[in-house]
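Asks: Now for the letters of each chain:
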Amino acid sequence: MKDVHNPAELISEGLSLKCNPLKYLHLGKNKSIGLVFFNSSLRTRLSTQKAALNLGLNVMLINIGADGWSIEFEDGAVMNNTSVEHIKDAAAMLGIYCDILAIRCFPGLQNRELDYEEKILQQFIKYSKVPVISMESATLHPLQSLADMITIAEFKKNKSPKIVLTWAPHIKPLPQAVANSFSEWTLHCGYNLTITHPEGYELNKQFTEGANIEYNQQKALENADFVYVKNWSSFQDYGKILPVNENWLLNNESLKNTNNAKIMHCLPVRRNVELTDELLDSETSLIHHQAENRIYATQIVLKKIIESISNEG
Amino acid sequence: MKDVHNPAELISEGLSLKCNPLKYLHLGKNKSIGLVFFNSSLRTRLSTQKAALNLGLNVMLINIGADGWSIEFEDGAVMNNTSVEHIKDAAAMLGIYCDILAIRCFPGLQNRELDYEEKILQQFIKYSKVPVISMESATLHPLQSLADMITIAEFKKNKSPKIVLTWAPHIKPLPQAVANSFSEWTLHCGYNLTITHPEGYELNKQFTEGANIEYNQQKALENADFVYVKNWSSFQDYGKILPVNENWLLNNESLKNTNNAKIMHCLPVRRNVELTDELLDSETSLIHHQAENRIYATQIVLKKIIESISNEG
Amino acid sequence: MKDVHNPAELISEGLSLKCNPLKYLHLGKNKSIGLVFFNSSLRTRLSTQKAALNLGLNVMLINIGADGWSIEFEDGAVMNNTSVEHIKDAAAMLGIYCDILAIRCFPGLQNRELDYEEKILQQFIKYSKVPVISMESATLHPLQSLADMITIAEFKKNKSPKIVLTWAPHIKPLPQAVANSFSEWTLHCGYNLTITHPEGYELNKQFTEGANIEYNQQKALENADFVYVKNWSSFQDYGKILPVNENWLLNNESLKNTNNAKIMHCLPVRRNVELTDELLDSETSLIHHQAENRIYATQIVLKKIIESISNEG
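Chains as they are written, first to last, in our numbering: chain A, 1 to 313; chain B, 1 to 313; chain C, 1 to 313.
These are calculated hints, taken from the structure and not from any lab test. What you are looking at is a predicted structure, and each value in this text was computed from that prediction instead of being measured. Heads up, some of the hints might be wrong.
[Claimed, not checked] DSS-like cross-link-like pairs, simulated, lysine-lysine; straight-line CA separation at most 27 angstroms:
#1 A:K219 / A:K156
#2 C:K23 / B:K31
#3 B:K31 / C:K304
#4 B:K240 / A:K29
#5 B:K156 / B:K240
#6 B:K219 / A:K31
#7 C:K23 / B:K29
#8 C:K156 / C:K172
#9 C:K304 / B:K129
#10 C:K18 / C:K157
#11 A:K29 / C:K119
#12 B:K304 / B:K256
#13 C:K18 / A:K18
#14 A:K126 / A:K240
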């Protein structure tokens, strides 16, 4: 999130909320947040709902995808086809009924330019006239990364931990959003970041400027304090799964040269495909802490938004 | 709505609510409204939810259609087929769990007698034993029309504006509900109403008694103060799209002989099929005001219902 | 429910709640219950929502089945197939976001051992670390039965009524859950229970120990005070609909030798397939009372759970 000038402060405020989640229970009273899902969601939906409840916000769920409400995004379109409503009207309406909007919209993974334009999110921002937050858009997942940063802040043993983001195998082509955001936030926090992946899986440089890229997973993992495991599809050969010869499945053995590294994953995880049960179920795994911190990451952002709305009003 | 004896008063009360939406926040406390959807809905669902929240009501969403809960409406049916529950039992149950019910049920557009009987809505009224409101039924959409009347009251420049309801093209056969209700309410409010449409698109006379019918759109629009644009399928050749030779798409040019007419549409709108972007995006368009007034139209009706329940109890 | 040591007390507390449903409105404040549906539900969903609202709980609805979030239940599975998340992670996450979980998971009716293991419910209990209640699992439907016991307590005219559970015809293979639970609870309450069904429809003995089994419906119904009508598929020839020669459809005539028996059914009911309209619509029918008591059965159980959580905390 480019809007965040002082990530350390935001993280520390998030951790304060965790100690006292209901401190601002009256802040959102009589305000509503609309959660708009173009794609399905469990963790994000529930953690956002929980964060909103902790602030006393009313929650309205809008399953655009599931309800088959096909939206037109082209300016000037003659709407004589399947789209039933233009984003101009849909976003304006949502902005009338809700004080804040949260949008989840995955990329199509067919057209890189289109996805990286973030057309859906941008048009919601343009036409709704209310604050819009991302619950994972085509290229970024900022609230996940803020939760990850809060988790690292809780578990780091030294000021400058070595953080490794490792690509992991998967059976389906996944977005680059989590990897992009995690890289961006880690670097923005001033951490030492190494990204390791097979050749061809290089991420968009705009998010990884300043990270070490290391194609050898074993070398990358040396002395790591935190290992973030995540699959993504190719950015270069956009949206494709490339053939990979080495075994990238992470297991206990892979961690032997780390600094007792903690394991992180945003979930949902394909167990024994991305990494092994032995790692996920061990003390070293932070996955449930990350899931819990999703609440406070979202809550601190919503708190700031409510405060800014209230100041305007 | 035949129940409304004094529409002017209701409209004025709706406008008062708009100035102070939370004035009756405690009125609905510990009461629940069940929103029952046989058909999908975005605007109606959200505006009803918002109206309910403004009155402190709990909202329960019931997606009958989407959940595939097939309901039997025939009295005495031997239920050895696809229907899993009789309306007698479904409506009674909903009336047990909810203090108020709101129903959305579109017409099948196959059988005019069946649709105009309003069987679904009527059986909910009969068996639920609680107040039932329509969120658009087979033949009427009263809360939309009340919102439209509130909007006209806000924007009219003289006491007796000329109001024109013009048929617009569409690619799918749509119900007559919005047009029926708008005609009925406009006339009930004592306004001067002209309805214009191609031959064969005459509405059911029971709703248009007192309106001028003019087949020439240009002539109809002369000196109009408000132009309500809406498609509907044929009532005579029931549910059909009839061949139309003239161009009924409304654009800037169409309005040249009006009295700087304001444009209205209930949304969702097929842009550049029903009317042009230039009209929809101009200052003359009231579409977002109408959407906003959906909240207060519903809220004033719910307020009166809660008051009537509380007086009984 | 084996956890219930004193059903009479629970029933009596449920009846007290019915007189004063909002007495404990502040008990659940700032706590959340997650309602997890692997299968669709109307009555159970709404009555649980209502019970939760009466206790001031926040409700989060999670439609696992409808959202196509396929969950893996095998320990150690290599998840390279359709399942997107392991129950270990899904249940843990739900336990993080919710203080109480309620699960609805029907049996597959293909594999008796699998269904009677109650794998889904058991793994939620194991991995979520919060209290879990059943909204009908593979083999039991305890909250329905508690509602039924409350209804019997309200309508019984003598201390030891004769209760008959009669199998009824249906066009689809249904679970044994309602029949199992009703038998278990009736016997646990110390009532005299007769179960009647065609040969081959014997229920699992673990739930019916102490009941009279009578294959002749007419004989079974003699002097009955309550007749519970319900279909189930075969337990022996698991999940099958067996050919039945006699007419098991219950009608007025069937009740002539009862003690003015009251009719019960958990709903939804296939009218004129399981029993006739004349019975369902008569004064003798308790079906809407049962539906109403679903609220208080759930509410008393939730009340006890909230109290036990609060004592821990």
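Asks: Between B:K31 and C:K304, does the CA-CA distance stay at or below 27 angstroms?
Replies: holds, 23 angstroms
Asks: Going straight from one Cα to the other, do C:K156 and C:K172 come out at no more than 27 angstroms?
Replies: Violated - the C-alpha atoms of C:K172 and C:K156 are around 32 angstroms apart, more than 27 angstroms.
Asks: Need the status of pair C:K23, B:K29: alpha-carbon distance at most 27 angstroms?
Replies: holds, 14 angstroms
Asks: Is A:K126 close enough to A:K240, meaning Cα to Cα at most 27 angstroms?
Replies: Outside the cut-off at roughly 31 angstroms; violated.
Asks: Within 27 angstroms, alpha carbon to alpha carbon, are B:K219 and A:K31?
Replies: The given pair, whose Cα atoms are some 47 angstroms apart, is violated under the 27 angstroms limit.
Asks: Is A:K29 within 27 angstroms of C:K119, Cα to Cα?
Replies: violated, 41 angstroms
Asks: Between B:K304 and B:K256, is the straight-line Cα distance small enough, at 27 angstroms or below?
Replies: Not OK: B:K304 and B:K256 at ~42 angstroms, beyond 27 angstroms, violated.
Asks: What's the verdict on C:K304 and B:K129, does the C-alpha distance respect the 27 angstroms limit or exceed it?
Replies: Violated, at about 32 angstroms.
Asks: Is the straight-line distance between the alpha-carbon of C:K18 and that of C:K157 27 angstroms or less?
Replies: Holds - the C-alpha atoms of C:K157 and C:K18 are around 20 angstroms apart, at most 27 angstroms.
Asks: Has the given pair, A:K219 with A:K156, been kept, meaning a C-alpha gap of at most 27 angstroms?
Replies: holds, 21 angstroms
Asks: Under the criterion that the straight-line Cα-Cα distance not exceed 27 angstroms, is the pair B:K156, B:K240 satisfied?
Replies: violated, 35 angstroms
Asks: Given the proposed pairing of C:K23 with B:K31, does the C-alpha separation stay at or below 27 angstroms?
Replies: holds, 15 angstroms
When held up to the earlier numbered hints, the structure conflicts with 4, 5, 6, 8, 9, 11, 12, 13 and 14 and fits the remainder.
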